[in-house]
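**Student:** Start from the sequences, fold in the hints, and give me the full structure.
Letter 14 of the sequence shown, counting from 1, is numbered 14 in this note's numbering, and no numbers are missing.
Since the hints were derived computationally from the structure, they do not count as laboratory data. Warning: the hint list may mix true and false statements.
To be verified - As a list, the in silico BS3-like pairs of lysine-lysine whose alpha-carbon atoms are at most 27 Å apart: (1) Lys-180 to Lys-251; (2) Lys-180 to Lys-314; (3) Lys-296 to Lys-314; (4) Lys-251 to Lys-212; (5) Lys-314 to Lys-212; (6) Lys-456 to Lys-296; (7) Lys-212 to Lys-451; (8) Lys-180 to Lys-212; (9) Lys-296 to Lys-451; (10) Lys-456 to Lys-212; (11) Lys-314 to Lys-476; (12) Lys-180 to Lys-456; (13) Lys-296 to Lys-212; (14) Lys-171 to Lys-296.
As the structure is a computational prediction, the values presented were derived from the model and not from experiment.
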Amino acid sequence: MPSRKVVFVEEDPARALSSRDKNLRFSVVRSQAARHSHKKRTKRIQAGYQASVDTPPVLPTHDQIYGALIPVAIGQGRTDPFDAQALNSLHPIITLAVDRLFNFILPELILASPLVRNRIMVERRQDSNQHAFMYHADVSHALSVWLNRNPEAESSLRRTVASVSSAHKVKALEGMIRCKDQVSLDLIMSGITAYGGQANHSQAIDLDVFPKTPLARTQVLNIWANMRLPWGYDDTQKAIFGDKVPLLRLKDQLAIDMVLTGHLSEVAQHDISPQYPWPYYDLEPKLREAYVSDEKGDLGTGFDAETTSEDFRKVIDLLTNTTVDLNAFHNNHPGAPAEWELALRRNFAHYQLYLLPRVGDAYHLTCRLAFLIYSDFIFFPIAFPEIRLRICFQLQAILQHGYVHPDQDFNVWVLVMGAVASIDTPFQDWYVSMLSIYLTLYAIGDWTMLKRAVMKFLWWDHVLDPRLFYLWHEAKALASVDEIT
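**Tutor:** Here it is as structure tokens:
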């Protein structure tokens, strides 16, 4: 029998220890024991799915992973209430993936205070523990997220995990269709959103070296952004409800937030109007006097008040006010909104933006396209390259058609927004060349003049300044070459 390592704490006989000293020494012992226990646990977990350098990896079979036990995040018993498999048949990937889903991803989707989040997640775990279709949807969803976040994993393992995810997905859909008239609408919709969050197992390689908005991580957009989610009126919902999806009858906070966030992603991907009314109260960002007077400045004042329509003015106010809130949150100003409050306001601004008409005069069309670019970088960034490619193409077509606004600063801002979106795309050369022309045409001789021109409209320094600085240098270099030649 191997000997155990014993930690001794030697008492000093010269003096009696105070209660404080005794507690300190006991804490040292407990810390050492905890570190030792953690090290052993880590080795046990890693041994389950990692091979050594000298031996090839031993991959789990489909049956081993499909043992699909209920993980600790769902059920404290760590047993599957529907298949009654033994604990040893569960591969660690299942446990880790579903634990991550319930401990990190789902709570982050809930736009509510931490106390409310905890209550909702307790109920959500109970649902997954009591209803087979929810359990299968959650396991499939968790494994799909794992596939999305581990594109470089062993190909055989990825195929096995994808197969298991698909098998659970089939069981989830069968269960939802069978139980749709026996359980609550919110439960069915929660199952649909979990079932639907796995359409794409490939992850785009993010080569963007510039700073990203803090809102890229709210509601785990940085994870979901790379998953093509069939939200909204998709085939899954139609298979269960028919053509009329009763979204407005939802009462469960998690179901509402999952459906809304996914639908806003779908709206941005395809440039369509939202398919159902805003499900919350009429939200208007409430500016805090503690910082709004200093932070807003000239933001949004450059738009032509006479020619800008009322619906566009409303969106401009939403975007500028939410920018002020974002800046306050980012800089830890007193009275700044909590992250979940900011995400709710962001969603409302994004929702209203996509209600703007897609037809009209050149001024409003260019405004709308520039707004979409701004939202894609600042508020609702999702990593689908076709979004920026589409906007760059549409904006280029308007500008090439000869549209020029009487306000030269507006022309510069619109072109700059297009140029920012064009970075690392086939459109970048055209936008940089046009920016070079504008710098000469409008006698913009330095960085300060360029910043002064764009900050009157929609702008947030933290994300946009580094990109503009790069484009400015590219345009200046191109202008110098043109002068020489």
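**Student:** With reference to the structure, classify each hint as holding or not holding.
**Tutor:** So, going through the hints one by one against the coordinates:
no. : hint               : verdict
1   : Lys-180 to Lys-251 : holds, 16 Å
2   : Lys-180 to Lys-314 : violated, 40 Å
3   : Lys-296 to Lys-314 : holds, 16 Å
4   : Lys-251 to Lys-212 : violated, 33 Å
5   : Lys-314 to Lys-212 : holds, 26 Å
6   : Lys-456 to Lys-296 : holds, 10 Å
7   : Lys-212 to Lys-451 : holds, 19 Å
8   : Lys-180 to Lys-212 : violated, 41 Å
9   : Lys-296 to Lys-451 : holds, 15 Å
10  : Lys-456 to Lys-212 : holds, 22 Å
11  : Lys-314 to Lys-476 : violated, 36 Å
12  : Lys-180 to Lys-456 : violated, 52 Å
13  : Lys-296 to Lys-212 : holds, 21 Å
14  : Lys-171 to Lys-296 : violated, 52 Å
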